[in-house]
Every structure is written in C-alpha cells, then in structure tokens.
Amino acid sequence: MSRATLGWIVLGWVGFALLPWYGFDRTAVPTLTDYIIGGSALVHGLKGAWWLLPVLVPLLMSLRPAALPSRPDNSTWLIASGLTGLALIVLQGFTIGLNGWNLDILKVISGDNGPSQGGMGYGAALTSIAFLIVLCHGLAARGWCRGDAFVTSSIGIVVALIIVFVFFPVSTILASAFADNNGDFAPLEFVTKFMDRSIWGLDCLTSDLRCGVAWNTLFLGVLVAFGTTALGLAFALIATRTAFRYKKLLRVMSVLPIITPPFVIGLALILIFGRSGALSSVLWEWFGIPRSRWIYGLPGIFIAQLLAFTPIAFLVLIGVVQGISPTLEEASQTLRAKSWTTFLTVTLPLMRPGLANAFLLGFVESLADFGNPLVLGGNFEVLSTKIFFAVVGAQQDQGRAAVLSIILLAFTLGAFWLQHAWLGKKVYTTVTGKGDAGIPLPLPRRVALASYFTAIPWALFTVGVYAIILVGAFVRSMGRDYTPTLEHFLTAFRVEATERGFFFSGSAWDSFFATIKVAGISAPLTAAIGLLTAYLLTRQRFSGQRSFEFGTLLSFAIPGTVVGVSYILAFNVPPIEITGTGFVLVMCFVFRNMPVGVRSGIATLSQIDKSLDEASLTLGARSATTMRRVVLPLLRPAIVASLVYSFVRAMTAVSAVIFLVTAEYNMATTYIVGRVEAGEFGLAIAYSTVLIVVMLIAILAIQLAVGERRLGRRSASTSANPVAAPAIP
Amino acid sequence: MKLKKNLVAATMLAGSMTALSFLSAGAAQAQGALVMYCGVQEEWCRAMVTAFERETGIKVSMTRKSAGEVFAQVKAEAANPRADIWWGGTGDPHMQAAEEGLTVEYTSPRMSELQDWAVRQWEQSKKRTVGIYSGALGFGYNTELAKSNNAGELKCWADLLKPELKDEVQVADPNSSGTAYTLLASIVQIMGEDKGFEYLKALHKNVNQYTKSGAAPAKAMAQGETTAGIAFMHDIVTMVVDKAPVKVVAPCEGTGYEIGSMSIIKGAKNMESAQKFYDWALSADAQKLGAEAKSYQVPSNKSTPIPPQAPKMTDIKLINFDFAKYGSSEERKRLLSKWDNEVKNLPK
Numbered sequence: 001m002s003r004a005t006l007g008w009i010v011l012g013w014v015g016f017a018l019l020p021w022y023g024f025d026r027t028a029v030p031t032l033t034d035y036i037i038g039g040s041a042l043v044h045g046l047k048g049a050w051w052l053l054p055v056l057v058p059l060l061m062s063l064r065p066a067a068l069p070s071r072p073d074n075s076t077w078l079i080a081s082g083l084t085g086l087a088l089i090v091l092q093g094f095t096i097g098l099n100g101w102n103l104d105i106l107k108v109i110s111g112d113n114g115p116s117q118g119g120m121g122y123g124a125a126l127t128s129i130a131f132l133i134v135l136c137h138g139l140a141a142r143g144w145c146r147g148d149a150f151v152t153s154s155i156g157i158v159v160a161l162i163i164v165f166v167f168f169p170v171s172t173i174l175a176s177a178f179a180d181n182n183g184d185f186a187p188l189e190f191v192t193k194f195m196d197r198s199i200w201g202l203d204c205l206t207s208d209l210r211c212g213v214a215w216n217t218l219f220l221g222v223l224v225a226f227g228t229t230a231l232g233l234a235f236a237l238i239a240t241r242t243a244f245r246y247k248k249l250l251r252v253m254s255v256l257p258i259i260t261p262p263f264v265i266g267l268a269l270i271l272i273f274g275r276s277g278a279l280s281s282v283l284w285e286w287f288g289i290p291r292s293r294w295i296y297g298l299p300g301i302f303i304a305q306l307l308a309f310t311p312i313a314f315l316v317l318i319g320v321v322q323g324i325s326p327t328l329e330e331a332s333q334t335l336r337a338k339s340w341t342t343f344l345t346v347t348l349p350l351m352r353p354g355l356a357n358a359f360l361l362g363f364v365e366s367l368a369d370f371g372n373p374l375v376l377g378g379n380f381e382v383l384s385t386k387i388f389f390a391v392v393g394a395q396q397d398q399g400r401a402a403v404l405s406i407i408l409l410a411f412t413l414g415a416f417w418l419q420h421a422w423l424g425k426k427v428y429t430t431v432t433g434k435g436d437a438g439i440p441l442p443l444p445r446r447v448a449l450a451s452y453f454t455a456i457p458w459a460l461f462t463v464g465v466y467a468i469i470l471v472g473a474f475v476r477s478m479g480r481d482y483t484p485t486l487e488h489f490l491t492a493f494r495v496e497a498t499e500r501g502f503f504f505s506g507s508a509w510d511s512f513f514a515t516i517k518v519a520g521i522s523a524p525l526t527a528a529i530g531l532l533t534a535y536l537l538t539r540q541r542f543s544g545q546r547s548f549e550f551g552t553l554l555s556f557a558i559p560g561t562v563v564g565v566s567y568i569l570a571f572n573v574p575p576i577e578i579t580g581t582g583f584v585l586v587m588c589f590v591f592r593n594m595p596v597g598v599r600s601g602i603a604t605l606s607q608i609d610k611s612l613d614e615a616s617l618t619l620g621a622r623s624a625t626t627m628r629r630v631v632l633p634l635l636r637p638a639i640v641a642s643l644v645y646s647f648v649r650a651m652t653a654v655s656a657v658i659f660l661v662t663a664e665y666n667m668a669t670t671y672i673v674g675r676v677e678a679g680e681f682g683l684a685i686a687y688s689t690v691l692i693v694v695m696l697i698a699i700l701a702i703q704l705a706v707g708e709r710r711l712g713r714r715s716a717s718t719s720a721n722p723v724a725a726p727a728i729p
Numbered sequence: 001m002k003l004k005k006n007l008v009a010a011t012m013l014a015g016s017m018t019a020l021s022f023l024s025a026g027a028a029q030a031q032g033a034l035v036m037y038c039g040v041q042e043e044w045c046r047a048m049v050t051a052f053e054r055e056t057g058i059k060v061s062m063t064r065k066s067a068g069e070v071f072a073q074v075k076a077e078a079a080n081p082r083a084d085i086w087w088g089g090t091g092d093p094h095m096q097a098a099e100e101g102l103t104v105e106y107t108s109p110r111m112s113e114l115q116d117w118a119v120r121q122w123e124q125s126k127k128r129t130v131g132i133y134s135g136a137l138g139f140g141y142n143t144e145l146a147k148s149n150n151a152g153e154l155k156c157w158a159d160l161l162k163p164e165l166k167d168e169v170q171v172a173d174p175n176s177s178g179t180a181y182t183l184l185a186s187i188v189q190i191m192g193e194d195k196g197f198e199y200l201k202a203l204h205k206n207v208n209q210y211t212k213s214g215a216a217p218a219k220a221m222a223q224g225e226t227t228a229g230i231a232f233m234h235d236i237v238t239m240v241v242d243k244a245p246v247k248v249v250a251p252c253e254g255t256g257y258e259i260g261s262m263s264i265i266k267g268a269k270n271m272e273s274a275q276k277f278y279d280w281a282l283s284a285d286a287q288k289l290g291a292e293a294k295s296y297q298v299p300s301n302k303s304t305p306i307p308p309q310a311p312k313m314t315d316i317k318l319i320n321f322d323f324a325k326y327g328s329s330e331e332r333k334r335l336l337s338k339w340d341n342e343v344k345n346l347p348k
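Here the protein sequences line up with chains W and U, keeping their order. No gaps in the numbering here: position 390 of the first sequence is 390 in my numbering, and each next residue is one more. No gaps in the numbering here: position 205 of the second sequence is 205 in my numbering, and each next residue is one more.
Bound conformation, chain W alone:
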C-alpha cells in the first residue's frame, strides 16, 4: 500500500462527495455551491438519484486496504474496488440517458420513461480515473509488469483513453454499417453495399470504364508511400550525411508543405499546371504544346500528396538516419567493403524501421487525405471524398459511409501487418552506451548524387509552389487580375485602435485565436500520450500488446469525416456530453495525431539499446526516473516530430473538425474552406500565409525549447573539437 494508492483513493472520494458529478448546462450560470458539494454525486444520490448510490460500495471497499495497510489480500480488494466502481459508473451512465431509460425493454418493464440524467462532469471524471488507477495499482501489487505501478497505470490510462476516444465513437458509426436507414439491423444491406461495383469494379483493366474506388485509393496510396519515402530519405541523407551548403534551407523548405493549410497546395498547383495556369500558358505560347487538364485526377493528387507528405517521411527518417551508429559501417569498411556495398548491406538495412514507418505513414496519410482529392480529384475518386459525400452529399447515406470506412480501415490494417512482417524480429539497435568514433561516414558518390538529383529539383519545385501562394496573397485575384493589394489581409486581420484599446475587427480573428488555443493545448498532450505509448510498446512486455498497438493506430486510419461524425454521435448525449466545447476538438486532435508520436517514438526507441535503461534501473532509478533522465533526452527528435506534427495538424485539419466546430470554437481551416467555396481565393491564401508564418514561428520555438539530441557523434567539420559531448547529460 503506497502513498500514491492512498492519494488516489482520496481523490475518488473527492470526486464523489465534493465535485459536481454532472456537467453544467451550457446556458446555466453555476454558483459556488454547484461547484463544491452541492452538485456532488452524494447529494444527488440522497436527493433521489438513487442510481448513483451503489458507487459508494466500491469506494468503501477501497477503504479497507487503506485502513489495514499490511494485509496480504489488499491487492484483491483494490482490484475488486476498481473493477466494480468502473462497471457501476459505466452501467448507470449508459442505461439512464437524457430522455429516461436508454433501452426500450426497461421502459416496458418499468412502465414509464424512467429517470433522466445529464452528461458527466468533473466529479464523475475524477472518480472514474481514481477507480482506474486503484485497479492498476492493485494489478501491480499482484505482480503485473514486474510490480511496477507506473507502468500498469500508464497502460491503464492509455487503454482507457483509447477506448473512450477511439473505440467508442468508431464503434458507434461502424454499427450503422449494419443498419438500414431506419436504424434497424440489416446485415443483407451491408453485403449489397459492400459488394457494390463502384467500389470493387475492375473495368478499367479491360475497357475504358472506371475502376472501383477501392482500387483507386489503394493504387494512389502505394504510389504516394513509395514517393514520399524515397524523397524523405533523400532529404534526410543530405541533411545528415553530406556537407551540402544549403542544408538548413533545405530542411526549412522540406517542412513548408506540412504547415500549409489544405486546399492551398491544390489551388497553387491549378494556378501553375491548370489549363490556364502559368506553366501551361508558357508551354502553349512558346512551344505550342496544347493546354490540357492532366492535373485533375491521379497526377494532380499524386503531386499534391507528395508535396504534403514528404515532410512526414523526412521527420521520421531524419531521426533514424542520425541515430545509426558509425561503428558498424566502420567495421564494414575495415573489412574492405566498398562504400556502396556498405551503404547497401549495412546502412540501408539499419534504416529499415524508419523506412517502414515512413512508408506506413505515407500510405495511411494518402488514404485519409481529403483536401487534395477534393480540389484536384477530377473524375478520379478516392474513398475519403466518397465517404464525406456519402454523409453530407445528396445521398445522405450514413450506412454507405460506414461501409466505405470499413474498407479504408481494412487497407490500413493490411499495411500495418505487412510492415510488421517485413521488419520481423531483427534488431536495429545502434545507440548503445559504448563509445564510437562518432563521425558518420560520407555517402557513397552515387547515393549522394541520387539524393541531390531527387531532392534539389523537388525543393525548387516547392519554392515555385510557395512563390505562387505568396503572390496570390498580395494580388487582387490570382490568375486574372494581378493588381497588388493588401485588401485581403485587411479584411481578415484588421485591428482598430479605439479609446478602449485595440479592437480586432477583422473577420478572421475569432477563428485565428480559437485555432491557436486548441492547437497549443493539444500539441503537448498529443506528444506526451504518443511517446508514453511508444515507450510502453517497445520497452514493456504485456499481454495484448499487439491489439494495444493497433488501437493507437486506429483513429489515424479512419478518415477525418468519419471521425467527426462519430464524435458527434458518441459525445453529443450523456454520459459523455462534450460536443460544442473546445475540449472535444482537443481530444479529436490528440487521438488523430497521436499515431505520429507513437510511430516516431517507436522508430527512435528501437534504435536505443535497452541496456541504457537497464543500467539506470540497476543503479536504483525507477521507471519514471529512467524515462525522464535517460529515455526522454534520447527521444528528442521524436518529441520534436510529434510536437510539431500535432501542432501543425491541429491548425490544418479540415475534415474531422468540420462537424465539430461551433460559433465559439470555429477553426481557421473551416473558415478558409468557406472562403474557397465562395471563390475568394485571395482571402483564403492570405489567411493561409498568416497561418504558415505562425506555424514556422511555433516550429522554431519547439525546436529551441526541446533542443537537439546529443549522441556523441561529431560531424567532420567540428572534429577540431575532439571532446565528444556526453550522450547522457
């Protein structure tokens, strides 16, 4: 019986007896007594909400181990208390809803509508968490995870969060795949919808008809995954292994597309390659090459997704390339291998976890991408847009959307298993406590050349795209009227000085502040949960690890639209009633973006030798200390990656939030989409440039705050200073 367990038991009581059990109605103004005691479950229970009183039983049960700390059967009491408590809270929450009994059968039995209750509030949340932790502590006392309560609690929390914010909403919407329009169970309808020719048709192989949307999506995904991994690798190699002069610039530029709000890249591509685009006009006027619409369709989406997702591959790969110890490469060269052979047989295989993760992310991102296919898709249809329009389009067919989501999910899971199979059980550890020369080998000539030849033209292309975007913000109407103007910025971001101070009268300010707030809160949460999960997955062994890992990936695989709708379906009614708040946006972002933290954390962690942790543990440090002093400093690239990624994604996501925004929490992207719909490209682009600048500043700030990982590797240029920085501060 530790003090921590005792603390959580106390918190469980606080949640039950002091804090308001129910959430507040948004139109009500709560008083102080509503906050303390007055609205607590105990008071409600005594006043007639009898279904809350049974929760007292497990709370009392938890007191026994607290009162008699040295009994051997305490762990059983803790486990029993935690389990019963959680079960009772879930049970009462789901059986009694806003309009009485949730199950019709109970209405029949009781003869009336039954009691009603609102959504849970702080008290319920705290008590539930306390029960969960008590349960985990009990399990640890039983010897789970070598009796480490930190590990069991972490697993418990992550699992609970994933169940609540991923499985619960997703199962709500997937259930509708098996229902007809009236909500009745109809498995046959599922089969007909599933086997539809528009999904699986292979007509494009034999005739000039179109192929099914599933094949389109799969083909595009594989293509994009290969492309982004190759480009990402080229950038990563140049950035870490060459003396290329404009490295820094290259890094900034490769990151630009990731911080670009959606639609903007697509828009810019149309302005360059479209039929009246800049390049097409030049080709037609100078070389007589006829204008065409090739950009609409597969080529356009492919280019736009390459632009958008290469940075993700780069962010994953740079940590991995940096982490490869030169020792093995040196050994290979000592054994007289040519540098090309070394690269092929030593360096490249060591990058496998990075390559596999980059590929997986590229594939999954391409599958879930919504903005680019929307703007550039032409007649090339992919699942994500199909799902969106199945929900909001003229069909209004939620069941169809659910069926398509299941297919999309299946593809993602397939990719996940393939990746696992390819990585196998090999060891990729190269960051160990042992010393090494610390100077990474230069790249073989042909690899260096190949990297330069892929990366530099691509970087120049990126510059071109961004030049167009920048110009677009400052001219009246891109493509038609090039009169320079600041009008777009003034409309969006006007600030007036009145006698009462500054007044933000621009139409974009509301959404701008809301976006910054939501992104700023969700980024650190995402990184924390993501890296904690990665740590649990790589460093701990527990049963159900695979399904745990799959659960963390799930929300990423599901397209934003489906997530958005499922969040409304799941969280608009009690017990968890959080739609319309900023909280639901934050949670949506955290669980959508967490997989990147998990992936880059896993990729980086699998390189770091476990003996480092073990040394720390042997010296008497606990898991939490080891994590803070040893693992976290080595994880810096992964921390930067997940912080940057989640901040940026929170600022640029569209499809998931389009259903979750409210008047108070309107997001920048939905505002931009509205402007694009209205044809006000100038304003949309101007707003986007402002967002890009904000995100650049944020990325620099994150990098400054987290700092670089010091691995004791020296670059050739700094070898004048022979003292290697210690790996562990």
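Please keep in mind that the hints were generated in silico from the structure rather than gathered at the bench.
Between beta-carbon pairs, the in silico distance windows are:
1) U:Lys325 to W:Ile109: 40 to 48 Å
2) W:Pro115 to U:Glu100: 26 to 34 Å
3) W:Leu249 to U:Ser148: 40 to 48 Å
Quantities reported herein were computed from a predicted structural model and do not represent experimental measurements. By construction, the Cβ of each residue, glycine as well, lies at the ideal position given by its N, Cα and C atoms.
The hints should help you fit chain U onto chain W, whose structure is shown.
Just chain U now, with coordinates in the frame of chain W:
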C-alpha cells in the same frame, strides 16, 4: 514512487485543466441567446447575425456550414439538439429534415407577405420549412474560351451538346451536390425521364469533370479552366460581378430552381428567440442584406427590392418544380442510382 505519482498526476491535472477551461468557456448567457446554423456565404451569415443582434439584443452564436453538412449534423444531434434555427441553404436537405421530423412546424405572421413559391414550399413541408430566397439553375460560359473554341453563342440546354464543346462542360456530381441534383430533377421534369436521361448521356460526352461542389463549375469558368459550367445563376453572377469574362445563360427550354429555406430545429433550447428570428428573417429589411453581402438570390418577401444584378426571374422560364416528389428520399435514391448506372459509368 513519488515521481511516478507526480508524472501521472501531472498528466491528469493537465487534462482536467483543459476540460475546465473549455467547459466553462462554453457557458453562454441564459437570456436572449440563439444558436444558428447558417447555410449561405459567410459574409451574408455575418450580416444577418449583426443586424439581428442590433435589432433585438439577442446574442447569436452562428456556425456556417454547407446545407448537406448542416443536415448531417442536425441528424446526428437529433437526440440532444444544439441548434435552434437553421437558416439558409438549398431546400432539399430542409425538406428531408422536415420529412424525418428533425424540424418543427411554425406559422409566422408574415406568411402573407411572401411570394407564392415560398408559401408552397412551406405547405409541402407541412409548415416545417419556409422559403427565404430562390435561385434559378442555369449555365454560363467563358466568353474568351468560347471564341477560341468556335462554340458560338449558347442559349439552350441543347447547345451544351455541341461537338465543339467536347470536354468543355463542367457540372457537379449529383451524388455530392444539391445543385447537380436540381439539374438532374429539372432535366427529367423538362424533357420527361427517358428523353432526359438521353440528354444527360449525350451531355456526359462533353463533361470534362463532375466536380464535388455545386458552385465549383462557376469558379472554374471564371479561372478559364472550362468553357461552360452548369450552376445556380446567382453563383455565376458573383463571378461576373468580380469582372470574370463569363456570360450567364437562362436556358431557353426552361429551368428548375432551388428554394433556400429556413427551419426551426425540433427541441430547440431557445424556442422563443428562434421564432423571433424566423419572423424577422422573413421581413423585407432582413432580406435586403443578401444583396449587400454580394449574394444575388431572389428574396421571398414580396416587398424586398430585388438586387439589380440578380437574374430577373421574369426573364427566366421557370418550370413548375415538384419539390415534394423530387425532394423525397425514395425518388432521390432512385434517380441517383439510375444516373450512376446509366450515365456516370458510360465510356466517353
């Protein structure tokens, strides 16, 4: 142990702090509030909100979304409605919401001031939704591109089948866009179902892209990405006002139209404010705001001045559009799947 506890506790604390700050920020005043889902352009939505707040002192929380998105959201929120009023956006989703009982009946004292089509919409929906503006379907063409294609002047639906326009017509996909569904229903009503589908099959050869959004063809025309585009005429007018080289056409065979509508959500938490807004939104003063916000639909109150840029309804041959039949979900499903099988899957 202490550290572990601290770490877990810190995570929890951070979580609950965010929850706290957000939940409390969500609390609005109890008196005189209105939650509105707005289905037209942002600028118009904002103008409506400001004017209504100034007039009544009721605080409006407005969220702008496309009509389909609003419908999906209202349906998802049916068990615990968030919004009070749904103002604007094409009539079909409003009709469907009425059919599914997501909105409530209301009879405004201003019903007598409205145009016939608005009242008819209200009667067909069993008093659950009312017309606030209407816009006719039409097409437009980029005059510069039309000249270089030798397409000549385009006046009728039939002109869009000209061989010179091969791969030069853009229209939205009726599966995703209400605009394109209006086209499908209109063509079927003008030409009869068999002839109508013959026409759509012939048109398919000239279509370069079925866009997702209904207004996209208007933009593509203005940008010079396509010669002709089918859309609501007021969307094309917006491009003309923006000085794009585009000509608006009211097809000679006649054409269908949309009725932008307004409904009160069933279970609205601020019913009184919603009704106040409903009455106000039907007044001529409120409907004037559309033209000021560069939206050129025809308002439903008879005494609202019609914006000079708006396509004159008297110059347009409007068909007697059967909203009840073609707005019902059965007929819609049937027509859409027929279009999918017989038109969209055709080789070019």
